[in-house]
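Undergrad: What follows is the residue order along each chain.
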Amino acid sequence: MRALLSWLAREEFRLHADLFGSRRFAPFPLLVAALAASAVWALDAAGTAPGEMVTGVHLLVFGFGLYTGTAGLVGADLIERVLGERALLLSASAYLPVSKRRLLGAFLLKDAAYYAVLFLLPLGVGFAPLVFTGAFAPLDLLILWFSLLLLFAAGMAITFAFIAVRTRAVPRSALAAVAVGALAAGWWTEMLAPVWDAFVAFDDPLAPASLAVLLGVPLLGIASLAVYDPTHRRAARTRTAAFGRWRRRLPDEQGLLTRTLLDLGRSSGGFAKPVVSAALLLLLTVFLESVAASVVGVAPAPGLFYGSVLGLSAFTTYSWLTQFDDIAEYRPFPITVAAVFRAKRVAFLLVGIPPAVLAYAVALAYASTTPLDALLGLLVLLSLSAYFFGLTVYLAGLDPNAFLFDTVRFAAFTVGVAVPVVPALLVGFAAGEGDLPLWLVAAVAVCAPVLGLLGVALARRAGEKWADAV
Amino acid sequence: MPDGSHLAPNVNAAPSESGCMAAIEASGLTKTYGDVRAVDGLSLSVERGELFGFLGPNGAGKTTTIELLTGQTRPDDGRAEVLGADPAADPLGVRERVGILPERHAPPSYLTPREFFEFVARVRDLDDDAVAERAAEWAERLGFASKLDTLAADLSRGQQQKVMVTQSFLHDPEAVFIDEPLANLDPLVQERVKRALAEHTEAGNAALLSTHNIEVAAELCDRVGIVTDGEMVTTRQMDGAGAESLMDTFLEAVGEDARDTPR
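These protein sequence lines map, in sequence, to chains A and B. Following the numbering used here, the numbering of the first sequence begins with 1 at its first residue and continues without gaps. Following the numbering used here, the numbering of the second sequence begins with 1 at its first residue and continues without gaps.
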């Protein structure tokens, strides 16, 4: 098992180094630590309680753990589709005398260990400024890392448990009902908060509940592996031809837009993916707004605040729109790279903007505001969506997930996001919930469209840039 | 099952007026990736009506040469002409007129073969009905008619290869660039693909077949060029010579040992 883990870890590093270049990949943990430390320092300077920061980072890590657990779902299949034709050791059970279950277990263990070092450790180290202020003891950093690791592993184990059960032909709807039912029961019995506290071992790592979780997470992983059916194969899926029908109804002469929409609609999650992404971002924004409001002591102008943050859904939507194709795939055909990017732009308008606007509308229903702030926020939302979309396309081409581990591009994207969002949020808080001053309305009305146009220009320029790159 | 002989290949691809211009021509093509010279001053010429075999060990530069000839990448040096156009200057123009079967590509995962052919029809600006009819004929010929409405992600590799072979011939191209067309295919379908290639060139079109399979090259090709380390080391007419004779030529050109090629 140790040898297998060592090979898998080596493969993981080489995969990322191959995708992004070892020089761009290796400093990634340093960048994460630097960004985390900057954020912690800034939040501390703004008066945020350490406990709120700890809760925030645990939420982030839990979500990331849930996502990482999907490695069990994809097996070799989707990984190859996402990463191209790279053969991974995970598929070696097809031709070597090694159990697929054992290989998958080692793969997930390796993922947990890998992210524990590359992502969670720098995230924990990023809390070092609190040691200097005296809010944390040095040992707290180690406990925080352990606590984050436990929650990350719990996220992975929960996702993998669902996947394992699915391989036993349990319908997706039944699993969804169980998940929703469990959440509803937890809410009804007011058990959600105690359960969450048990998972966040940082507060009291030796509490019986935390120790139970420490024991329970590996047990859940082992049980899921036992349930996982390595012989499971999905039946071949047929579809009534929809390409021509869709294409005729869309502004799509070459069929590139139709192809993108069919890819999205027929892949796991379908058209719900951009909606769910926007909903999750909305939940996170509501949480951030409550934390920020308690720190600053004043609530922001809801329209400006939510409009600024929800524009970030452009990144996740673009990821969904580019999940199943790459530029090389189009090269044998008489298609320009610019045409491919043009199709992605229209697809984004069709499936990316409506969920963002819907999330914005829900946010404003939750936090009522003045019509002027609502309109101004909508302008900010649309403009920033266009800007973030253009920025992502320009920096990452058809591979936005490259941001995750390419230090240079990740840094460029972070700066590109921070430059408009930070001032927009500051303006939102400065304006508060009252009537907006005229100078602010005028400034936002001028600056937001300029950013939007910049995004459009970046998106258009991307075709040329990425055509040259291949 | 029809034998597909009614899939009339492009019969308008008569030799050029001068009668001497090759359909595919390259001179001194060179392409370097980092420290590796993938293609090194390669020259070749393929006439209309000719099936030219491009034979070489793994990593000899065959696929890169096809990418250069079809404008998928630009040469560092040298020039090429395909159907009278320069692929470096007019890549889309060249790709509109030729068919390409890439070595490692599969049809888009979430389209069915039927939809993929509709997509190809749009991209190539072809008549939808004509393409649908032609695709159905190819599906019968290669034996995937029952899979026309199955998502490509759920097709076997062999079925995906059949779909990719079909797309490369759908528009009746004057020249095709075919990279390992028989990979993953069963013997019966292999024979049908070979027949399709022969019909294609018999109708006056050109074909460049890249392979490392000597028997396939000997059986199908009018002429064979042997490439190694990115260089064309020799060319020979086949004139009915068998695989054994071609193997001798190959060994003479490449050497007895398995070669450690740069890519």
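In case anyone wonders, no lab produced these hints; they're calculated from the structure. Since this is a predicted model, take the numbers as computed values, not measurements. One or more hints might be untrue.
[Unchecked claim] Which residues of chain B face chain A? A few of them, derived with a C-beta cut under 8 Å, are:
| no. | residue |
| --- | --- |
| 1 | Glu96 |
| 2 | Pro108 |
| 3 | Glu118 |
| 4 | Glu137 |
| 5 | Thr234 |
| 6 | Thr235 |
| 7 | Arg236 |
| 8 | Gln237 |
| 9 | Asp239 |
A virtual CB, placed ideally from N, CA and C, is assigned to each residue, including glycine.
Undergrad: Minimum Cβ distance from Arg236 (chain B) to chain A below 8 Å?
TA: violated, 29 Å
Undergrad: Should the interface hint for Glu137 (chain B) be scored as holding, given a Cβ-Cβ cut-off of 8 Å against chain A?
TA: violated, 17 Å
Undergrad: Let's test the interface hint: is any C-beta of chain A closer than 8 Å to that of Thr234 (chain B)?
TA: Cβ of Thr234 (chain B) sits 29 Å from chain A, so the hint is violated.
Undergrad: Taking the least C-beta to C-beta distance, is Pro108 (chain B) closer than 8 Å to chain A?
TA: Hint on Pro108 (chain B): holds, closest Cβ of chain A at ~6 Å, below 8 Å.
Undergrad: Report holds or violated for the interface hint on Glu96 (chain B), using the least CB-CB distance to chain A and a cut-off of 8 Å.
TA: holds, 4 Å
Undergrad: So, as I understand it, the hint says Glu118 (chain B) touches chain A; can you test that by seeing if any CB pair is closer than 8 Å?
TA: holds, 5 Å
Undergrad: Given Gln237 (chain B) was flagged as interface, is its beta-carbon under 8 Å from a beta-carbon of chain A?
TA: This interface hint is violated because 30 Å lies over the 8 Å limit.
Undergrad: Was the hint right that Asp239 (chain B) lines chain A, CB cutoff 8 Å?
TA: violated, 32 Å
Undergrad: Using 8 Å as the Cβ threshold, decide whether Thr235 (chain B) counts as touching chain A.
TA: violated, 26 Å
Hints 4, 5, 6, 7, 8 and 9, counting from the list given before, are not met by this structure.
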